[in-house]
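Line by line, the protein sequences give chains A and B. For what it's worth, the numbering used here labels the leading residue of the first sequence as 339, then goes sequentially. For what it's worth, the numbering used here labels the leading residue of the second sequence as 339, then goes sequentially.
Simulated from the structure, these hints should not be mistaken for laboratory data. Cβ atoms here follow ideal geometry from the backbone N, Cα and C, with glycine treated the same way. Keep in mind that a hint or two might mislead.
What the hints assert, rightly or not - Here are the in silico distance ranges between beta carbons for each label pair:
hint : chain 1 : residue 1 : chain 2 : residue 2 : range
1    : A       : 520       : B       : 505       : 42 to 52 Å
2    : A       : 402       : B       : 526       : 17 to 27 Å
3    : A       : 352       : B       : 402       : 50 to 60 Å
4    : B       : 505       : A       : 505       : 32 to 42 Å
5    : A       : 465       : B       : 465       : 51 to 61 Å
6    : A       : 465       : B       : 518       : 55 to 65 Å
7    : B       : 356       : A       : 358       : 27 to 37 Å
8    : A       : 349       : B       : 518       : 54 to 64 Å
9    : A       : 402       : B       : 453       : 33 to 43 Å
10   : B       : 538       : A       : 540       : 46 to 56 Å
11   : B       : 402       : A       : 349       : 32 to 42 Å
12   : B       : 526       : A       : 498       : 40 to 50 Å
13   : B       : 350       : A       : 503       : 30 to 40 Å
Number of protein chains: 2
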Amino acid sequence: MARLITELGRLPGICEITAERLASHLLLVPRDQALGLARAIQEMREQLRRCSLCGGYAQEEPCPICRDPGRDPRRIVVVEEPRDQVALEEAGVCDGRYHVLGGRLAPLEGVESRDLTLELLARRVAALLAEGPELVELIIATNPNLEGDHTALAVATRLQGLPGHERLVMTRIATGLPSGSAIEYAHREVLVDAFRGRRPLEITSESAP
Amino acid sequence: MARLITELGRLPGICEITAERLASHLLLVPRDQALGLARAIQEMREQLRRCSLCGGYAQEEPCPICRDPGRDPRRIVVVEEPRDQVALEEAGVCDGRYHVLGGRLAPLEGVESRDLTLELLARRVAALLAEGPELVELIIATNPNLEGDHTALAVATRLQGLPGHERLVMTRIATGLPSGSAIEYAHREVLVDAFRGRRPLEITSESAP
Chain A
339 MARLITELGR LPGICEITAE RLASHLLLVP RDQALGLARA IQEMREQLRR CSLCGGYAQE
399 EPCPICRDPG RDPRRIVVVE EPRDQVALEE AGVCDGRYHV LGGRLAPLEG VESRDLTLEL
459 LARRVAALLA EGPELVELII ATNPNLEGDH TALAVATRLQ GLPGHERLVM TRIATGLPSG
519 SAIEYAHREV LVDAFRGRRP LEITSESAP
Chain B
339 MARLITELGR LPGICEITAE RLASHLLLVP RDQALGLARA IQEMREQLRR CSLCGGYAQE
399 EPCPICRDPG RDPRRIVVVE EPRDQVALEE AGVCDGRYHV LGGRLAPLEG VESRDLTLEL
459 LARRVAALLA EGPELVELII ATNPNLEGDH TALAVATRLQ GLPGHERLVM TRIATGLPSG
519 SAIEYAHREV LVDAFRGRRP LEITSESAP
């Protein structure tokens, strides 16, 4: 029991009192329910592995997204974590494939570029560039904060010297005012982004009022 | 007393019960305090007027921003309401001048383009274009929502046929992920904007990690 409380207490956001409460809950519920949780943890760790192509987690190798022939293999969305990939997939914003870095550069926490799958990405992009004359697009979708911006630059810096890099288009997702919001309640940084990133307005006969 | 309650009840967000409470408060406070509020309302309405150049509210004519020689007169930020101008001024994002439309197109509420200062803007831009050979930039900073986008298009459509319009650059402030936010918590519309608006990543020796 003491060992279970220690193990539960290691989970993020679980203090010792909550760990004790969870442990006594697991003692009182039907045996099957407690073992079901244990088995789910075990199976998740045994069955999910990192895809050797994109670094994402999947049961299959390569992962279903890397194998999907309906996706453009020459457009790669670079994200920090699998959860970012999940969010973008749910929004359905991109027909390309992904590359999961496995984190972001955070010098203060000791996370350096060798802790990310940056070399895997460099090999993958180099192979795509060697494959044919078409453009390769890398959409860098690390989070729009200090560490994410820093990581985006590190990715771009690592890849800019690859052979054939003149056919490599590296873009960064847009920052600005979130759609549906109001200028009067926006933070200064958001307004600065919205002004810096302003774009020519296109008037089409379809969109005109 | 009944008339005061009726008048207070016309303010936005003030129900009848609150109006009654405010009225009895104004009856019980020292006479000077009650009359101070009355005078403040009166003076505000007497002293603030719309600037004949930009449509914003100011005590002086033209308003201090329109008179400020340090601002680029050929860059105009178009906003819906004076409060948007205040937010942008506080953020200090632009060295240009403003044009206050006095609202946004809202057909369901009966707000049409003749209720906005669109013709004043058209005359102002036409005069700037006639003045000299330099470019005129119009930054359309209506709110990033359905009505604001619709209003932005109406502004652009009205101005696109002016003489010299080939020297008129009309831009829209950027939408996307708000700076400092996380992809995993963003709404679908925000992610779609962030992807559609993606921009080439610039690597400068200064910004490289």
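Violated constraints from the hint list, given by number and in increasing order: Going through the list in order, the structure violates hints 1, 6, 7, 8, 9, 10, 11, 12 and 13 and respects the others.
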